[in-house]
Amino acid sequence: MKTVFQKPEAMTDVPMHYCPGCTHGIIHRLVAEAIDSLGIREQTIGVASVGCSVFAYDYFNCDMQQAAHGRAPAVATGIKRVRPEAMVFTYQGDGDLASIGMAEIVHAAARGENITVVFVNNAIYGMTSGQMAPTSLLGQKTATSPRGRTVEEMGYPIKMCELLATLDGPAYLSRVSTHDSRHVLQAGKAIKKAFEMQQQKKGFAMVEVLSTCSVNWGMTPANALKWMAENMVPYYPLGVYRDVTAKEGN
Numbered sequence: 538m539k540t541v542f543q544k545p546e547a548m549t550d551v552p553m554h555y556c557p558g559c560t561h562g563i564i565h566r567l568v569a570e571a572i573d574s575l576g577i578r579e580q581t582i583g584v585a586s587v588g589c590s591v592f593a594y595d596y597f598n599c600d601m602q603q604a605a606h607g608r609a610p611a612v613a614t615g616i617k618r619v620r621p622e623a624m625v626f627t628y629q630g631d632g633d634l635a636s637i638g639m640a641e642i643v644h645a646a647a648r649g650e651n652i653t654v655v656f657v658n659n660a661i662y663g664m665t666s667g668q669m670a671p672t673s674l675l676g677q678k679t680a681t682s683p684r685g686r687t688v689e690e691m692g693y694p695i696k697m698c699e700l701l702a703t704l705d706g707p708a709y710l711s712r713v714s715t716h717d718s719r720h721v722l723q724a725g726k727a728i729k730k731a732f733e734m735q736q737q738k739k740g741f742a743m744v745e746v747l748s749t750c751s752v753n754w755g756m757t758p759a760n761a762l763k764w765m766a767e768n769m770v771p772y773y774p775l776g777v778y779r780d781v782t783a784k785e786g787n
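Residue numbers are given in my numbering: position 70 of the sequence shown equals residue 607, and the series is strictly consecutive.
Worth flagging that the hints you see were computed from the coordinates, not collected in a lab. Keep in mind the model is a prediction, meaning the values are calculated, not measured.
Here are the simulated lysine-lysine pairs, DSS-like style, with alpha carbons at most 30 Å apart: (1) Lys738 - Lys696; (2) Lys763 - Lys729; (3) Lys784 - Lys729.
For each label pair, taking beta carbons as the anchor points, the in silico distance ranges come out as: (4) Met664 - Asp717: 19 to 27 Å; (5) Gln737 - Leu700: 21 to 29 Å; (6) Thr782 - Arg684: 40 to 48 Å.
Quick reminder that beta carbons are idealized off the backbone N, C-alpha and C, glycines included.
Using the sequences and the accompanying hints, generate a full structural model.
Shown next as structure tokens:
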């Protein structure tokens, strides 16, 4: 019998801890599929962040390094400079990347470090009981914004792709979503592209993936996907924000 669907080699057999309806597992698989399709597992080093994805080192079947909260881009930079032949990626949430790690991601992008960043944006702090994140939407109720986020008190949500696109260093910036199967397939292509940019020594590449947190959003998994499509996608437009290979005609 022909096998048409199986676990990627770049994933372990360890059961995942993610909540029902969370799309971290889907994104993990997309990363693993990209690694498999490019045949780079033996040379790949991942950097796990702090947050819901803190146990990423248990799920990826490649060398992994744990970083302190927000420091994954700095750790990845050090690894890549010492081991330039390695394929180095970080896997980070919005609290890790866009809050405590804002300086690290901005300066890694500004320097054009030849690393790949997978940025999961679920608009909330998931692991620590649902506090407001830098990416929480206006009006969104969280544990620390029970009446909803307001501009007057908390300012505007941060759009990371647009922010980093103002820098000259990034080679590839893309925002994708996981709210339905078509967009999951598009997300997989973008993540593979981000690894290819590193292979080609083009420089810094980041894919921002819109994700759900149904438990902390207080929704069923199905309603969380619908809420993401109706609320997050309009505020965080999907698309490619930088691609240096497009200018080169590739």
